[in-house]
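One-letter residues, chain by chain:
Number of protein chains: 6
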Amino acid sequence: MDEKNMQEILAKAEVLIEALPYIQRFNRKIIVVKYGGSAMVDEELKRHVIQDVTLLKLVGFKPIIVHGGGKEISRWVGKVGMEPVFVNGLRKTDEATMEIAEMVLNKVNKSLVKLVEELGVNAIGISGKDGGLLKVEKKYSNGEDIGFVGEITEVNPKILYDLLEKDFLPIVCPVGMDDAYNSYNINADDAACAIAKAVSAEKLAFLTDIEGVYKDPSDKSTLISELTIDEARALIGDGFIGGGMLPKLNNCIDAIENGVSRVHILDGRIAHCLLLEIFTNRGIGTAILSEKEKRYYNE
Amino acid sequence: MDEKNMQEILAKAEVLIEALPYIQRFNRKIIVVKYGGSAMVDEELKRHVIQDVTLLKLVGFKPIIVHGGGKEISRWVGKVGMEPVFVNGLRKTDEATMEIAEMVLNKVNKSLVKLVEELGVNAIGISGKDGGLLKVEKKYSNGEDIGFVGEITEVNPKILYDLLEKDFLPIVCPVGMDDAYNSYNINADDAACAIAKAVSAEKLAFLTDIEGVYKDPSDKSTLISELTIDEARALIGDGFIGGGMLPKLNNCIDAIENGVSRVHILDGRIAHCLLLEIFTNRGIGTAILSEKEKRYYNE
Amino acid sequence: MDEKNMQEILAKAEVLIEALPYIQRFNRKIIVVKYGGSAMVDEELKRHVIQDVTLLKLVGFKPIIVHGGGKEISRWVGKVGMEPVFVNGLRKTDEATMEIAEMVLNKVNKSLVKLVEELGVNAIGISGKDGGLLKVEKKYSNGEDIGFVGEITEVNPKILYDLLEKDFLPIVCPVGMDDAYNSYNINADDAACAIAKAVSAEKLAFLTDIEGVYKDPSDKSTLISELTIDEARALIGDGFIGGGMLPKLNNCIDAIENGVSRVHILDGRIAHCLLLEIFTNRGIGTAILSEKEKRYYNE
Amino acid sequence: MDEKNMQEILAKAEVLIEALPYIQRFNRKIIVVKYGGSAMVDEELKRHVIQDVTLLKLVGFKPIIVHGGGKEISRWVGKVGMEPVFVNGLRKTDEATMEIAEMVLNKVNKSLVKLVEELGVNAIGISGKDGGLLKVEKKYSNGEDIGFVGEITEVNPKILYDLLEKDFLPIVCPVGMDDAYNSYNINADDAACAIAKAVSAEKLAFLTDIEGVYKDPSDKSTLISELTIDEARALIGDGFIGGGMLPKLNNCIDAIENGVSRVHILDGRIAHCLLLEIFTNRGIGTAILSEKEKRYYNE
Amino acid sequence: MDEKNMQEILAKAEVLIEALPYIQRFNRKIIVVKYGGSAMVDEELKRHVIQDVTLLKLVGFKPIIVHGGGKEISRWVGKVGMEPVFVNGLRKTDEATMEIAEMVLNKVNKSLVKLVEELGVNAIGISGKDGGLLKVEKKYSNGEDIGFVGEITEVNPKILYDLLEKDFLPIVCPVGMDDAYNSYNINADDAACAIAKAVSAEKLAFLTDIEGVYKDPSDKSTLISELTIDEARALIGDGFIGGGMLPKLNNCIDAIENGVSRVHILDGRIAHCLLLEIFTNRGIGTAILSEKEKRYYNE
Amino acid sequence: MDEKNMQEILAKAEVLIEALPYIQRFNRKIIVVKYGGSAMVDEELKRHVIQDVTLLKLVGFKPIIVHGGGKEISRWVGKVGMEPVFVNGLRKTDEATMEIAEMVLNKVNKSLVKLVEELGVNAIGISGKDGGLLKVEKKYSNGEDIGFVGEITEVNPKILYDLLEKDFLPIVCPVGMDDAYNSYNINADDAACAIAKAVSAEKLAFLTDIEGVYKDPSDKSTLISELTIDEARALIGDGFIGGGMLPKLNNCIDAIENGVSRVHILDGRIAHCLLLEIFTNRGIGTAILSEKEKRYYNE
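Chains as they are written, first to last, in the numbering used here: chain A, 1 to 299; chain B, 1 to 299; chain C, 1 to 299; chain D, 1 to 299; chain E, 1 to 299; chain F, 1 to 299.
Careful: at least some of the hints might be erroneous.
Which copy is meant is left open, because identical chains are indistinguishable; a pair holds if it fits in one copy or across any two.
Stated by the list, open to error - Heads up, simulated BS3-like pairs for lysine-lysine below, C-alpha to C-alpha not over 25 Å straight-line:
id: 1; residue 1: K92; residue 2: K114
id: 2; residue 1: K294; residue 2: K92
id: 3; residue 1: K114; residue 2: K4
id: 4; residue 1: K4; residue 2: K139
id: 5; residue 1: K114; residue 2: K139
id: 6; residue 1: K166; residue 2: K292
id: 7; residue 1: K135; residue 2: K158
id: 8; residue 1: K79; residue 2: K135
id: 9; residue 1: K46; residue 2: K29
id: 10; residue 1: K138; residue 2: K114
id: 11; residue 1: K114; residue 2: K135
id: 12; residue 1: K71; residue 2: K46
id: 13; residue 1: K79; residue 2: K166
id: 14; residue 1: K79; residue 2: K4
id: 15; residue 1: K166; residue 2: K92
id: 16; residue 1: K114; residue 2: K158
id: 17; residue 1: K4; residue 2: K46
id: 18; residue 1: K29; residue 2: K139
id: 19; residue 1: K220; residue 2: K248
id: 20; residue 1: K138; residue 2: K29
id: 21; residue 1: K71; residue 2: K4
id: 22; residue 1: K248; residue 2: K79
id: 23; residue 1: K71; residue 2: K294
id: 24; residue 1: K135; residue 2: K166
Worth flagging that the hints you see were computed from the coordinates, not collected in a lab.
These figures come from a predicted structure and were not determined experimentally.
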């Protein structure tokens with residue numbers, strides 16, 4: 001073996017060895033991955049995300065995928081000749097729309113099952129209706145009834161624990177039922193956050209279409225790599241956070257306050273962002289954590 | 001309590017007591033129910049079927065539901081402006097049709113999950129893709145390629161055993177994958193039969209739109225209540241069996257020869273036909289069984 | 001099938017379906033049945049009681065039978081030429097009487113084992129001596145020593161949990177031992193109540209020779225179908241309760257206060273009273289429950 | 001501590017150490033003890049037998065006691081004014097006699113439970129009816145119907161395995177049921193032998209009223225300490241074995257041929273005969289074993 | 001069997017029976033044996049100790065041996081031409097000495113494993129490094145650094161529970177690691193005491209070279225057979241305890257205050273002292289216990 | 001993040017993803033690593049080997065380390081003034097030498113335990129004496145008695161299965177006992193091979209001081225990367241294999257013929273050779289496998 005080959009091969013070994021302490025730290029821990037945005041549209045990125053989650057599973061983590069499907073729902077609403085209606089950013093979801101939404105979300109769900117199975121890992125696709133996982137109530141938009149849009153009131157994690165124990169990788173689509181057993185569409189970020197809290201996940205990772213949280217959104221050089229919840233609250237209070245990031249950051253704070261150790265806002269447009277975040281010492285995106293957690297890791 | 005009330009109440013007790021030996025005999029046994037036909041369209045009948053299966057679950061059986069959804073698929077194919085095409089009774093399933101078929105089958109699947117959950121029993125809706133349950137290869141119609149219509153080549157029942165162990169009622173929709181992980185539509189009767197064989201089900205019950213097997217299909221008084229597989233083969237040989245009953249009866253024979261103890265062809269248009277067949281001494285429809293089984297129960 | 005048959009057969013199904021929510025509610029719950037009175041003498045009623053308890057076992061409950069045998073003891077005491085002596089309703093139990101009592105109770109015990117085994121369910125007959133189940137001390141009747149009549153001081157439920165786990169139906173006869181390991185006869189109502197408390201039974205059912213508790217015992221129309229323990233105490237305070245009902249009602253109150261959810265005083269002379277009480281919406285006899293429990297079920 | 005005390009105390013230690021290899025060899029092995037004869041009448045011997053069996057239990061063996069009660073049955077048959085009748089050494093057992101026999105055997109059974117419990121070990125007294133342990137058919141005496149005398153046709157050892165697993169010492173009285181669930185009296189030697197075979201006991205020990213097997217019954221100096229089953233058959237063939245020893249020896253041969261490693265015929269009139277046989281290098285009575293077993297231990 | 005043999009054999013039985021209540025009381029309890037002193041040098045005594053511990057194991061106890069090896073270490077230090085140095089009774093342990101100490105302790109450890117295996121019991125020899133059992137920090141002798149002499153700061157008993165569950169007899173040599181994973185020599189008495197506390201041992205027994213604790217060390221007739229920790233503290237306060245006994249007695253008090261029921265200081269020069277202490281009613285040496293424990297056993 | 005950083009970080013991800021199928025294939029499989037040669041002397045290499053094995057453990061494999069210690073033994077033999085003697089390459093091992101050998105091997109053993117524990121994984125160091133793991137008989141060198149050099153006659157893998165089940169990484173030093181419980185030194189290659197066979201290891205890896213097997217040992221360019229056992233036999237037959245490689249290759253063939261899937265001869269002087277062999281598609285050294293295995297992986 002010549003010198004150059006040797007160098008190259010040793011570099012490979014170093015990467016694996018670098019992953020060792022991370023594999024050890026998160027062994028048998030639950031990681032909830034909110035999968036959405038560009039990473040769900042680009043076929044190449046899709047393959048990378050699924051490879052990452054499957055690798056996490058194989059090295060001893062217990063990942064759970066929660067996914068959305070907004071764009072695909074709109075496409076099918078159009079396909080049957082209906083017009084998507086949004087109220088304050090929330091889809092107005094009448095019965096016909098809900099029927100399509102559920103169909104589309106299940107289709108996306110099973111397409112992810114397929115990708116994981118292809119890699120030789122047992123996946124199971126469920127919705128929040130299976131095993132009574134997600135209980136919801138109607139969500140109003142500034143008092144306006146916008147149909148079957150649900151707010152989670154209760155998570156029954158038994159089905160997730162059962163599936164993890166039996167070594168499946170659960171893939172969850174955000175549909176739930178109210179007390180009268182009607183189906184509702186749920187925001188996927190909210191579903192991922194509620195599930196992460198219910199199973200006391202070690203990590204909750206959001207795959208998004210931005211690089212992370214900025215101190216100043218207009219200045220890309222102000223990306224924050226670590227943010228305690230106190231700092232996050234301050235940023236919100238100072239009015240620096242807006243758009244889709246506000247509810248996401250509130251979800252992060254909520255998760256941290258309810259037993260999740262760390263939340264990651266990752267740029268899903270970077271290949272293998274998840275793997276790199278977890279297995280290397282070069283973090284990607286923004287990590288949200290408690291003050292206590294921050295002190296612990298910096299000691 | 002007056003005499004009449006007393007009589008009525010005692011009659012109730014007798015019905016429960018009549019069920020006792022059947023509950024005992026089938027305790028912890030797996031029963032695969034192929035659910036289709038009218039019983040899937042009429043809301044009242046639908047409720048009855050689900051009540052029956054749920055009761056079976058609660059008294060100690062391990063039911064698995066396998067369902068179809070042909071009519072609903074056709075409706076949605078139309079809805080998006082396409083034309084359903086059938087070749088020798090098999091739906092020609094191009095990629096666009098398959099996408100719709102899978103969406104619709106998953107929708108039906110989750111609607112059954114909802115009905116079971118409503119009765120307080122944990123249900124989980126899966127397809128043959130989850131956990132690699134159903135492996136298929138392309139099925140040709142007299143040599144003609146009719147697209148994504150699959151023939152089952154392998155059943156991996158691990159996921160079903162896992163779910164039954166964790167006390168779920170599994171509801172399966174007949175979609176599987178080939179070696180290249182493409183999705184295929186599968187005939188629900190075939191799927192139910194293959195699953196019943198793979199888990200060595202005690203019973204396989206087909207909910208159909210006919211009363212059962214007739215000696216002479218033109219004479220309704222010739223309904224056969226019990227049929228050994230030798231007798232079934234003779235009937236087929238004599239040309240008495242035709243139409244949709246022929247493949248169904250072949251499925252029955254196949255199941256019995258591969259470890260299923262008894263197959264029932266039930267009239268799904270009769271309310272609670274499943275319950276009555278299993279829990280009372282008044283059989284409904286036609287039971288297919290082996291010669292050995294017949295001798296055993298008549299002793 | 002003609003119309004009339006059809007009607008009849010559907011009525012059967014309705015009874016089974018009516019039982020569904022009850023089967024679900026009490027799944028894997030322990031039910032202690034105090035079996036005594038007429039239901040132990042009449043062979044037909046005996047068969048019905050055993051059928052009922054066996055059915056409860058088969059559909060997922062965990063029943064425990066506690067039985068007496070007073071009349072049969074008296075018969076055998078006479079048979080060997082001795083005279084039964086009672087002091088304030090308690091049998092004066094010298095050593096010779098105790099020897100006979102234990103023999104007779106074990107005989108009755110094994111005759112019940114036989115009836116359950118006949119129905120294909122594994123039964124095991126034990127006394128309070130086995131596994132140290134019932135510890136007693138001598139009970140005095142107004143200060144008078146009446147021999148080997150015991151008052152329960154401690155229940156060691158390990159043997160019951162072990163037998164239930166191994167799927168046996170335990171049948172217990174009310175004999176216990178004091179600290180010096182002498183055998184004592186115990187009132188069967190007391191034994192059933194103490195056992196129900198020790199295993200936190202969901203239900204305790206007394207099979208008696210009366211219809212239930214009356215507001216006015218002289219007026220059969222005043223049968224009370226539901227009684228909270230506060231109401232029961234008021235009735236006792238008002239002097240409406242007398243005879244054998246007084247200690248029984250005290251037992252009921254004691255049981256409810258110590259973790260049993262509901263106690264039933266049933267008329268054992270009605271065939272299948274136990275089954276009807278539990279599986280139908282027509283309660284039989286009187287149910288005693290806590291105020292909290294009452295509110296819960298009426299909501 | 002003076003020299004004499006020291007010597008005495010060291011002698012004690014030596015006895016315990018002598019037991020070490022035996023404790024090790026039989027660890028977690030099942031030992032069936034047929035308990036009967038004088039050892040059941042003399043209160044002092046009774047206490048010794050129970051101490052021995054309890055010690056076996058505590059040091060890791062799994063003993064099962066099977067006992068008879070012939071003399072006590074006769075006493076009670078007389079007590080109620082009936083006359084015991086024997087046909088060829090078998091008790092003629094009409095229904096009334098059977099009722100008394102079962103009562104008495106259960107009484108004896110629970111008196112043994114008491115003695116074991118007193119020593120702090122969990123005992124459970126069962127009959128061959130519990131858990132369907134002993135199935136029998138009617139036994140005829142030279143063609144004559146002698147009533148409810150049973151011959152064992154099937155042993156269902158589940159109940160014994162369950163109780164041993166739950167750390168109970170099972171005490172079995174020899175009553176079984178036929179296919180019609182009638183009760184029968186069984187010879188206790190036969191019951192012990194059948195049970196030892198069914199559970200593949202390591203040892204079966206008969207406590208008897210003789211010293212063991214003699215080459216010449218008239219010459220006490222011809223006591224045989226070890227007998228292979230071939231030698232036993234030869235002795236029988238030569239006509240040296242008679243009386244009650246003949247069926248016992250046949251039982252021994254039957255047991256050895258069906259998986260029991262060693263059968264002991266012990267003199268129950270010697271205090272702690274069981275303990276001495278098992279824990280010391282001074283065997284007591286006669287050991288019956290296979291040729292192979294003999295070779296194995298002499299190597 | 002003649003009379004004299006009979007007497008002798010019965011005496012044997014009595015010794016075994018005498019052990020019965022002790023076997024019962026300590027069934028499945030953990031006993032930590034600190035093994036050292038003469039009993040480790042004399043081959044005959046060594047054999048006796050191992051026989052005793054093995055017997056304890058076989059009759060259902062869970063013994064753990066903790067041993068030292070001081071004399072053997074000194075012998076090897078000399079063998080390689082070094083000089084043992086002691087500071088205030090503690091061995092000055094530089095790196096070279098520590099290397100030898102660890103080698104010697106492991107040699108002794110495996111020689112004990114051999115003796116136990118020879119008796120047919122599964123032994124496993126570990127040090128405090130295996131499974132992170134013993135965490136230490138440097139121990140100073142009146143402020144002086146004496147090298148790798150460790151003081152236990154933490155016990156992680158997982159490895160011991162695992163090995164006991166898998167039915168091994170763990171044999172532990174007193175070497176531990178500090179936070180930087182350097183090896184340290186630990187006083188064996190301290191290790192035994194720390195382990196006994198960590199596993200809440202029922203008993204902790206020190207095999208020593210003295211008879212026990214004396215009221216007046218100069219008067220051998222003042223041996224104390226039972227000492228409560230209050231009494232022990234008083235003795236220490238009065239200045240009666242000196243030399244090696246002082247730290248040992250402090251260890252005893254520490255153990256009793258932290259969940260160990262009884263500590264025994266035994267004379268390891270008496271053959272089978274351990275067995276005699278535990279299995280006979282003639283205690284040997286001194287037992288230290290709490291006031292509460294004393295009252296309990298004297299009642 | 002600039003482009004160059006991005007490239008570098010993506011390369012890292014690719015290495016991890018490349019490992020995915022290997023992690024999956026060997027999940028929960030046992031890998032026996034024979035650790036010796038230069039990799040045991042160079043501290044840097046030592047650290048790499050332990051990192052590799054620990055990583056294997058963390059990602060779901062079940063590694064077992066078997067190590068030697070020849071050079072260190074010689075060093076200590078000299079230290080105490082003795083002269084190492086070798087007969088045909090085998091150390092002449094008298095009692096004194098054996099004592100030192102065992103001490104040194106245990107020292108090396110615990111030093112490896114330390115390195116694994118340091119990485120946060122539970123290790124346990126055992127010898128072949130613990131739990132009776134390795135039974136040996138004396139090995140003669142061409143008929144000459146060379147003392148306590150053992151040949152393995154039996155492996156009792158219970159202790160390894162127990163430790164793996166409890167999630168320990170077992171580290172084994174090659175000392176065993178004969179039937180008389182004397183200790184023997186064992187060749188570490190033989191011990192690794194015997195253990196791999198006994199536990200049906202998926203892989204057996206030898207860390208050596210050569211690059212692998214050469215077709216022509218004088219020509220480094222003839223390194224063989226894959227060798228079936230038939231080819232290996234042919235090479236041996238042709239006289240191409242000599243020196244230390246001959247017994248090693250015979251061990252490989254023996255292992256493959258007895259259930260091990262693949263044996264690797266790796267160059268322990270290359271950092272992370274183990275990791276690279278297992279996790280990358282660039283094999284290192286020579287793999288020996290069966291003809292069947294070769295066909296399987298090449299399909």
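Hints broken by the structure, by number, lowest first? 2, 3, 4, 6, 8, 13, 14, 15, 18, 20, 21, 22, 23
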